[in-house]
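*Asks:* What follows is each chain in one-letter form.
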Amino acid sequence: MMKAIQYKAGKTGFGEGLVEAGRHNHNVIGLGADITTSVGMNFFAEAFPERFFSMGIAEQNCIGVAAGMALAGKIPVFSTYGVFAALRTADHIRISLCYNNLRVVIGGAHAGISVGPDGATHQALEDIAVMRVLPNMTVISPCDATQTRLATIAAIEQVKGPVYLRFGREPVPDFSSPDQLFTIGKGEMLRSGNDLTIIATGHLVWESLLAAEKLAADGISARVINLHTIKPVDEEIIVKAASETGLIITAEEHQIIGGLGSTVAEIVTRHHPVPVGMVGMNDHFGESGRPEELITIYGLNAAGICTKAYQFLNKKL
Amino acid sequence: MKKTESVTRLKEIALQIRTDVIESLASAGSGHLGGSLGLADVFTVLYFYRLTCKPAEPSWPQRDRLILSIGHVAPVLYAALANAGYFDRTELATLRKLDSRLQGHPGRDHGLPGLELSAGSLGQGISVAVGMALAAKSDAARWHTWCICGDGELQEGSVWEAAMAAAHHKLDNLTVIVDRNNLQIDGPTESVMALEPLADKWKSFGWNVMECNGNSVDELLDATDNSVIVPGKPTVIIAHTIMGCGIRSIEGNFRWHGKAPSKEEAMMFIDELNHRS
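Quick mapping for you: the protein sequence lines, in order, are chains A and B.
Per my numbering, the first sequence starts with residue 2, numbered consecutively.
Per my numbering, the second sequence starts with residue 35, numbered consecutively.
Hints were generated in silico from the structure; no laboratory data involved.
Yeah, the Cβ is synthetic: ideal placement off N, Cα and C, and Gly gets one too.
Be a bit skeptical, because a hint or two may be false.
[To be verified] Label-pair ranges, simulated between beta-carbon atoms:
hint	chain 1	residue 1	chain 2	residue 2	range
1	A	His285	B	Asn260	50 to 60 Å
2	A	Pro118	B	Ser93	31 to 41 Å
3	A	His27	B	Glu245	48 to 58 Å
4	B	Ser311	A	Gly186	55 to 65 Å
5	B	Asp122	A	His285	53 to 63 Å
[Claimed, not checked] Cut-off 20 Å, straight-line C-alpha distance, at most; resulting in silico cross-link-like pairs (EDC-like, lysine to aspartate or glutamate):
hint	chain 1	residue 1	chain 2	residue 2
6	A	Lys187	A	Glu236
7	B	Lys204	A	Glu189
8	A	Lys316	A	Asp196
9	B	Lys204	A	Asp196
10	B	Lys171	A	Glu51
11	A	Lys161	B	Asp133
Excised from the complex, chain A in its bound form (with noise of 0.2 Å):
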C-alpha cells in the first residue's frame, strides 16, 4: 500500500472525468458560474467550447437552467464551490431539480475545511447534509482524483436523476487504482479487519488507512471501508461491519450533524445497534490557516481517527 504515491486535486479527476464523459456523448453541457478553472471545469470548456455556456455569479438560476437543459434532453454538469452550489441553491435543487426528478451533475468543489486560508464562508461542511436529506437525489463523495474521474463519469452516464458529487481542492493522495470498478452505492472495503471498522469518506479514506496502520501496530485490527457513496447507501456492508467487528469509527471532511456519521448511525440503530464514534466537524465553523494545521487542528487526520478509536474501544459489544 505504502509505494510512492501521487498528490492529485479532486477538481482535476473531475475536469478529467467530465471531458471524459462529454467525448462520450454530445448531450454533455458544461454550466459555469464565474469560477470555472477553480472547480476543473476549464478542462470541458477549453475541449468543448459549443457545449460550455457561461452563467455568470448566479448559482439559483444555474440550477433552473440546469433543469431546463434537462427537460430538453441535455445531461447539464453545473459546478462551483460546494457552499454555493449546495447551500444557497437548496430550494432551487429541491424543487426544479429534485422534485422534477432531472438528470443534472452539480459538481461541489472545495469541500471539507483543507480548503484552508479562504476561511469558514468557502469551507462546505454542511453539503452532505443538505443533499442527502432531498428524495431522489443521489450523493457522492469520491476518496481521490482518480475515484473523482470515475464517479464522475459514472454520474452523467448512468445515473437518471439529480447528483451532488463532491471533491476537494487541495492535491492529496491519489492512491485509487484506474483500473477500478466504480459502482456508485457500494462501499468498498480497502482493509480487512475485525477488532472494530473505520468508515470514511473523501480524503479521509486515506487518512483512514494510515490510521489502520497504526492501530495495527498496537495489535489493533481495523477494517476500512471506503463510503463513496451516501446515497443511495450500501445498508449492506454497513450492517455487515456492525455484526463482524462490533464497532464503527466514521470519519469525514463534514459536520458529523447530517453527513456520514449520521448516514451510518440511522442504519446501525435500524439494523444492528453497535457504538459509533464520529470523527468530523462538530456543529462548528471552519477557520482561517494551512490545510494541514486546520486538518490537525480539528482531528480529520490519521491520528485524530486513531484517538475517536482508542476512546470507543472499551465501549465496543
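Given chain A, work out where chain B should sit, using these hints.
*Replies:* Then chain B, alone, in the frame of chain A:
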C-alpha cells in the same frame, strides 16, 4: 397543429375554461381562484391558437414548451390542458385530492399529460425556461419556449438572474408573459414591494418588451404573434390582467388570491359568467 379558431370561438373557450376553474376549485375546497380566472384568456390564446403542440402526443419533441412558473394557478393550466384534449375534463373534479394527477401545485411525478414542469416555489420557472430555450438554440431547434410568471413573483431575485442570462445568451426563442394584476397576498404589489417602472426594468435587462390587455383575446393574439419577436432578444409581454376577471364581485380583490369558492358561490359565479358573455 396550429388552431386557427376565430376570436369568437376563443372567447367561448375562455368562458369554458373559467367555468371549469370555478367548478374544480369548488370541488377541491381550496386553491387559488383570482389568478386562475385572470389568466384564462392568456391560456386560451396560447393553447388554442399560438402553441405548436399535439395534445394526442404530449411528448412530441418539436412541440412548443409552456412553463408555468406560478404553480398556484394550476387550475387554469389544468382546465386549458383538459379542454385542449390532453386528458378528459371529468378529471378536473379530482383537483387537489388524494391520488389525483392534478396536484395543488403541478407535480410531474403524478404523470399528467402535457405538464412540462413541477413548480410552485416562486422565481424558478423562468430559469427553467431559459435552460430550455438555450438547449433549443444550441440544437438549432425551431420550437419556442413560453413562460408565465406572476408579477409578485418578480420580487424573487433569481428572476433577474434569469433575465440577465436570457439576454446574454440572446434567447429570441423565449417569451415570458408577466401576469400583471398588481396584486399579491398581502395587497397591491406597489405597497408590498414596488415593481414599477416594470417595463423599464425589463428593457434595461436587454429584453424586447410588449404590453397588452391580458384579458383581451384580440390584444393577446397580436402580442403573442411571432412577428413581434426581435432577433437576438428575449421577449416579455406584460399582460395587464384583472385578478378574478369575469366575476364582478371578486374582480381586483386580493382576498381572492388564495381562496376557493363555496359550492353556492360557484353556482352564482358560473351563472354570472353565462349572463355576461
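*Asks:* None of the hints should be skipped; say for each whether it holds.
*Replies:* Results for each hint:
For the pair His285/A and Asn260/B, the supplied restraint of 50 to 60 Å holds, since their beta-carbon distance comes to about 58 Å. Distance hint for Pro118/A and Ser93/B: a CB-CB separation of about 51 Å, inconsistent with the stated range 31 to 41 Å. Under the hint 48 to 58 Å, the C-beta atoms of His27/A and Glu245/B, about 41 Å apart, miss the expected range. The supplied range of 55 to 65 Å is met by Ser311/B and Gly186/A, whose beta-carbon atoms lie about 58 Å from each other.
For Asp122/B and His285/A, the hinted distance range of 53 to 63 Å is satisfied, since their beta carbons lie about 57 Å from each other. For the hint linking Lys187/A to Glu236/A, the alpha-carbon distance of about 9 Å falls within 20 Å, and the restraint holds. A C-alpha spacing of about 47 Å is found between Lys204/B and Glu189/A, which places the hinted pair above 20 Å, so the restraint is violated. In summary, the hint linking Lys316/A to Asp196/A is supported, as the alpha carbons are separated by about 12 Å, within the 20 Å threshold.
Taking the CA atoms of Lys204/B and Asp196/A, the gap is about 62 Å. The hint is violated against a cut of 20 Å. With a C-alpha separation of about 11 Å, the suggested pair Lys171/B and Glu51/A falls inside the 20 Å cut-off, and the hint holds. Taken as a hint, the Lys161/A and Asp133/B pair is broken in the structure, with Cα atoms around 24 Å apart against an allowance of 20 Å.
Violation of the numbered hints given earlier is confined to hints 2, 3, 7, 9, 11; the remaining hints are satisfied by the structure.
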